[in-house]
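Mapping of the sequence shown onto this note's numbering: position 18 corresponds to residue 0, and the numbering continues sequentially without gaps.
Just so you know, these hints were derived from the structure itself, not from any lab.
This structure is a prediction, so every number in the text was calculated from the model and none was measured.
Ideal Cβ placement from N, Cα and C applies to all residues, glycine included.
One thing to keep in mind: the hints can contain errors.
[To be verified] Label pairs and their calculated CB-CB ranges:
{"hint": "1", "residue 1": "Leu125", "residue 2": "Thr105", "range": "20 to 26 Å"}
{"hint": "2", "residue 1": "Leu107", "residue 2": "Ile(-14)", "range": "52 to 58 Å"}
{"hint": "3", "residue 1": "Val157", "residue 2": "Ile(-11)", "range": "20 to 26 Å"}
{"hint": "4", "residue 1": "Leu49", "residue 2": "Val(-6)", "range": "48 to 54 Å"}
{"hint": "5", "residue 1": "Pro28", "residue 2": "Gly154", "range": "27 to 33 Å"}
{"hint": "6", "residue 1": "Ile(-14)", "residue 2": "Asn113", "range": "19 to 25 Å"}
{"hint": "7", "residue 1": "Val(-7)", "residue 2": "Leu49", "range": "49 to 55 Å"}
{"hint": "8", "residue 1": "Ser36", "residue 2": "Ile(-11)", "range": "16 to 22 Å"}
{"hint": "9", "residue 1": "Lys127", "residue 2": "Ser45", "range": "15 to 21 Å"}
[What the hints assert, rightly or not] With a straight-line Cα cutoff of 25 Å, these simulated SDA-like cross-link-like pairs (lysine to any residue) come out:
{"hint": "10", "residue 1": "Lys116", "residue 2": "Thr105"}
{"hint": "11", "residue 1": "Lys21", "residue 2": "Lys59"}
{"hint": "12", "residue 1": "Lys127", "residue 2": "Asp63"}
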Amino acid sequence: MAKIKIIFVIVVGFALTVLTSTYLSKSKINPSVSHAAVKVVLNQTPDYRLSLKSLSGESSYTSDYKLKIPFGYYNVKIIGDRGEELFSGKVEKNRVNFPPYEIDGAKESDSSVATLEPLKEMTLLLPYFKNGKKIIFFDENNLEKYQVDIEKIGLPEGFLKNLCGNGICDSGENVIFCYNDCHKK
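Hey, can you work out the whole structure from these sequences and the hints?
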């Protein structure tokens, strides 16, 4: 009878440990999948109309798109299946051309103004979310310019789902199943 109690205590302790670690690993709300990106290639006309050229899931790092862009940008948002905002950032929509620098000791020109030219094509590597539904592009005035449905985008074939040992505590990893990446150092 004592052996059964000891085994029962061990099994319950193990179950509680697994449940606790699973809960703690899921505590991040809607984390993006590490090393995965949604590659969006957009065409842009001179009057700033967007159209989709290609859309795919990639095994790649993403940019955070958090740079301060004073003018000439799109706000980009990734929306989840419950309508929640999973990601937001800014992307350039113009190429900035500066006049050539002239060396003239007599005077400096005050007319050196940068010109803006709409980008013809934009390639974005945005974070991949398992529950991502759509990507929406807004202009500087928060008017919606374009929407891309991403529900059917999957991870690329052969994507490494077990990234344990890469030095990053990725989504789906925790201290029990990937101690090397997830323990506090």
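Hints, verified against the model:
no.	hint	result
1	Leu125 <-> Thr105: 20 to 26 Å	holds, 23 Å
2	Leu107 <-> Ile(-14): 52 to 58 Å	holds, 56 Å
3	Val157 <-> Ile(-11): 20 to 26 Å	holds, 25 Å
4	Leu49 <-> Val(-6): 48 to 54 Å	holds, 51 Å
5	Pro28 <-> Gly154: 27 to 33 Å	violated, 44 Å
6	Ile(-14) <-> Asn113: 19 to 25 Å	violated, 43 Å
7	Val(-7) <-> Leu49: 49 to 55 Å	holds, 52 Å
8	Ser36 <-> Ile(-11): 16 to 22 Å	violated, 57 Å
9	Lys127 <-> Ser45: 15 to 21 Å	holds, 20 Å
10	Lys116 <-> Thr105	holds, 17 Å
11	Lys21 <-> Lys59	holds, 14 Å
12	Lys127 <-> Asp63	holds, 21 Å
Checked against the numbered hints listed earlier, the structure breaks hints 5, 6 and 8; every other hint is satisfied.
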